[in-house]
Every structure is written in C-alpha cells, then in structure tokens.
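Chain order of the listed sequences is A and B.
Here the numbering used here is used: position 53 in the first sequence is 53, and no number is missing along the way.
Here the numbering used here is used: position 153 in the second sequence is 153, and no number is missing along the way.
Note that these hints are calculated values from the structure, not bench results.
Ideal Cβ placement from N, Cα and C applies to all residues, glycine included.
Treat the hints with care, since some could be wrong.
[Said to hold, decoys possible] Residues from chain B shown here face chain A by an in silico Cβ test under 8 Å; the list is partial:
hint	residue
1	Phe15
2	Gly16
3	Gln106
4	Arg130
[As the list claims (entries may be wrong)] Here are the in silico distance ranges between beta carbons for each label pair:
hint	chain 1	residue 1	chain 2	residue 2	range
5	B	Leu115	A	Glu95	48 to 58 Å
6	B	Ala110	A	Gly300	43 to 53 Å
7	B	Ala110	A	Pro101	22 to 32 Å
8	B	Gly137	A	Tyr175	48 to 58 Å
9	B	Ala17	A	Pro101	34 to 44 Å
10	B	Pro93	A	Arg319	36 to 46 Å
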Amino acid sequence: MSSADAAAAIPAPTRRRPVIAIILFALLALLPVAVSLGLPPHWLTLLTRAMIFAIAALSLDLILGVGGLVSFGHAAFVGIGAYATGIMITEGQTETLLILPVVVLLCALFGAVTGAVSLRTRGVTFIMITLAFGQMVYFLAQALSAYGGDDGLTLYERSTLLGFEPFKNRTGFYYVVLGVLIACYGLISVIVASRFGRALRAARENATRVAVTGFRVKGIQLLAYVISGMIAGLSGFLLANHTDFVSPAFMSWPRSGELIFMVVLGGVGSLHGAIIGAIAFLLTEDVLSGLTEHWKVIFGPMIVLFVLFTHGGLVGLLRKLGLGRHD
Amino acid sequence: MTEPVLVLAGLQKTFGALKVTDGVSLSVAPGELHALIGPNGAGKTTLVHQISGMLRPDTGSISFRGRDITALPPEKRARAGLARTFQITSTIPSLSVLENVALGVQARAAHPLALFRNAAHDESLNGPARAAIEAVGLADRAHVLAGSLSHGEKRALEIAMALTLEPAAILLDEPLAGVGREEGERLIALLRSLKGRYAMLLVEHDMEAVFALADTVSVLVYGRVIASGNPATVRADPAVREAYLGEEG
C-alpha cells in the first residue's frame, strides 16, 4: 500500500484553539479598565497576587497534570526565587536582568539535584520525598539569620529593569505579571504539544510502554521537573517584589499543598485550569477572610465538597455547562 | 546459514526458591517465527521480560544482532531494534491511535525529544505512523483514542507501535490472549503478513495459531526448554504430549 493511499484514508488530526485561555487573558487585560471605571483598586492588587500564584500553579501543572508527578514540595521553588530576589535586593542589587538569571539557575540546580533523587521513587514515596526536600529549604530559610531568619525579610526596594521601574506602579506591575503569565502559558503549551511533551504525557499513563519504545523515562521526567521549577522560581521573583517581603512561610508544606489544590480546583492537566484554579482560590480566600476571622472553617469543607462533586475541576464544570473545548 | 538475530545462552532467573528460568538457550534467525509454548506458570512472560530488559537474568547472556545486550536497559534495547508487545495490552489510552504509533516513529527520529516543535501535526512523524497503521488494518480508527479500542484492535495497535521501531526482532507476548474468534483470525493474518520480514519470538497459548504460523517451536515447562524443533517434530514429542496432557493440542 502506498503512503498516498494511507494519507487519503487517514485525515490529518484536527487543530484545537485555546478558546478558554484567550477569553481568560482578555478579561484579565480589561480589569485595570474596570478599576479606572470605579471597581475598587484592591482588585488590582488581589489579581496581581492571584496571577503570580497562577504562574506557580501553571508550572506545577506541567509535572503534576501533564507528567503525573505529584510534587508536594513545589513551594520550595517559589521560595528559592523569592529569597534569591530578596537577598540580592537587600545587598543592593535590584537589576532584574541580573536577578532573574540567578533565580532561574538556582531553581534549575535545585530541581536537577532533588529531582534526580526524588524520581528514583514513585507514588507516595515521591510525594514524601519532594515534601522532605521542600521542608529542608524551609528550615534553611529559617536559619538564615542574616536575612531575617524566622521573621522574614522586609524589602525596601523593588527590582528595576535597565533603569526603569516596572514594578513601581500598580497598574504597570499588573500588566507585567499578566505578560509573564501569558508567556509562561504559551511556553508550557508549546512544550506540552512538542515531541518532548508527548513523551511526557505518554509516560504519565504508561511508563513501561514509553521505555520499551526507546525513551529514557526518568530523563524526560527530570527535564520536566527542572523546567517546572525554573518557572516557579520566576513566580517567586514576582512575589517578592509584590509583597515587599519574603519569609520562610513562602515555602512551607501547606503552601505546596495550596498549589496542588489550585491545580486540582481548576482541572488537572489543562493548563488554563491551573490559572482559573489559582484565581478562584485567592478570590475565595479573600472574600471569606473578609467575612470572618475563622474563614478556614468554611474554606476547608468547601474544598472537600468541591473535590467530591466536581470531577475535572472548574474546567470540567465549564465543559459540563457546554463551554468546553471548541475545535 | 545466516547468523541468528537473537541468541539466549544459559539464562537463569530465580524468584526466592523458585527457578522461573532454568538454563534457557535458544536462538531466532532473521525472518524466522519462533514460537514459545508451555503451560501456565512455565515462565514464558518472565523470559520475555528478560529479553526486553525489564528483568535482569541471574546468569546467562542475551545477544542481539551480534552484540551482548544482557546489561542494557529496555530503552536501549528498543533503540537497537528489539520491539515487544505485552500479554496485558500496553498502549497510551488517552492518546489517539495515530499519536501512539507516532510516538514510536518519534523514538527513532533525529530529535526524539525536541522541546518546542509541535508533534501532532508533524508529517515526518505522522507519515510513517500512517503507513504502520495501514499495515495493521487500523486506518479507519486512526483518530480514536487508544483507550476506546476493542481488545483485538489494541493488540493490532501494539504491533503497529512495534513496527515503527524498524525492529530486527519482535517479541510477541500472547498477542491472541483474550481476543475473540473473528479478531483473532484477523491478527493471525496480520502476523502471517509480517512473517519473513521480521524475526519474531511468539509466546502463545493458541496451539492452532502456533502450529499454523511457526517455523520453530520451543516448549517451556517449569522454566526449562524440554523440546525444540520444527512444529511436526515437537507435536509428536512424548515429553510435550505429557506436559500438555489435558490441555489443548
């Protein structure tokens, strides 16, 4: 049979457009307009923070949702990014073009070392070992007495970029974060759709099959882990600038758990789900903590009910309502 | 006579006190279909696992295309041209048939793990994948998710995935197990169409299929090869008859 016959018999795969993500980014881009029309400016700060966490959740979705690796230490990368930024600023180095390479390299290094060890295990052991590495960094930060130790480190300056101050103005900061979020979404989408991404997705479901097809599965997963860590570090850089403060709590294990929940809340593996999940999480937290001091008593059961009654997270819910993927 | 593609020499494997592979030596010549039969628990799958690299034998050696591969991990054996299918079908359920097969093409491409190049619309992957899908008769199912295929179709998909490795030898672990009569006949026809082009080691329970397809039959009982030869000789062997007493054949 000639390949021309085969080509005629088997049509090309259909292309999908990221409709939900485009709508989401458009709405986010319009928020400052709504603020200028009278929405409380508090929203701008809240959404900036939400988008910073969305970047971290998005990076986690690459290994958790796409790669099937449940890392319980992802906040460590955010913390390393935030601390590297905080320490450099405290030492008088505010230039973004110098801070970012340090952040990304440190996270890549941390990811390569801890990933190489963690990936020797699977399942619950993997969860536990990533948790242990996360806690190691947490205690390390607590021990950094020169940089605040347990109390954290207050920053009196924000990062600069070639003499400009992109993080000074609230609206400017908002758009910078939105830009980074869109860029990260684009980058991770491209990776997921690539040959590498296909092998990573396949290994989530059937590592043995991928190995006997000729791929070194651990190597693929390690690279995904490192890339994910580098992007999470980037969110740490933004977080330090946004809060003007870094503290060991940034990388405590409950924070890693929150990141997992954001991904699950939005819908595992869909990427835009991680963004929606992070925003929904921070908005809910904000609204509830405004109602009562004991907001976690309400938030906890909400999480349980949500997980019980929606499969596929918010994205799954949207799909059920007919707003799902349109080809 | 040509050099064999695959040679097993004195393989031993024990699990605790149980000898699951007990001095197995056999060879498969280019284009030969070598069937491995034996009662349940004879150690057939364990042997296939050792050949494909998922288990390491305690002693003995495996050589493939003249090279000792005893210590190589599965992915290196695959890249050397040793493909396999599984007794329990092993595909990627959430990828389409085309993507499953293209993954195999990708493994042998120049940049198997390119980070930024789109895979789904890559003709250099999809072209050969389509040809393999056609060869196993799954053309009209190309965009169906592997998870929603029938059992027999999954078997055919696994064979298509094996073919994309451009293998020198294919290990087939019970490709007919659990498949209905009609699909079974289609699979037997497929195996026959591949015969002569690839060296194949076929582990199978279906005696009718084995004796119809095989050039050579080896009988494994309690981890040992008790008989080996052309189908007619093996069928007449008294030791084989005893081992299979009460079973098919």
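Hints, one by one, checked against the model:
no. : hint                            : in the structure
1   : Phe15                           : violated (19 Å)
2   : Gly16                           : violated (23 Å)
3   : Gln106                          : holds (5 Å)
4   : Arg130                          : holds (4 Å)
5   : Leu115/B - Glu95/A: 48 to 58 Å  : violated (28 Å)
6   : Ala110/B - Gly300/A: 43 to 53 Å : holds (52 Å)
7   : Ala110/B - Pro101/A: 22 to 32 Å : holds (30 Å)
8   : Gly137/B - Tyr175/A: 48 to 58 Å : holds (55 Å)
9   : Ala17/B - Pro101/A: 34 to 44 Å  : violated (58 Å)
10  : Pro93/B - Arg319/A: 36 to 46 Å  : violated (19 Å)
Violated hints for the displayed structure, listed by number in ascending order: 1, 2, 5, 9 and 10.
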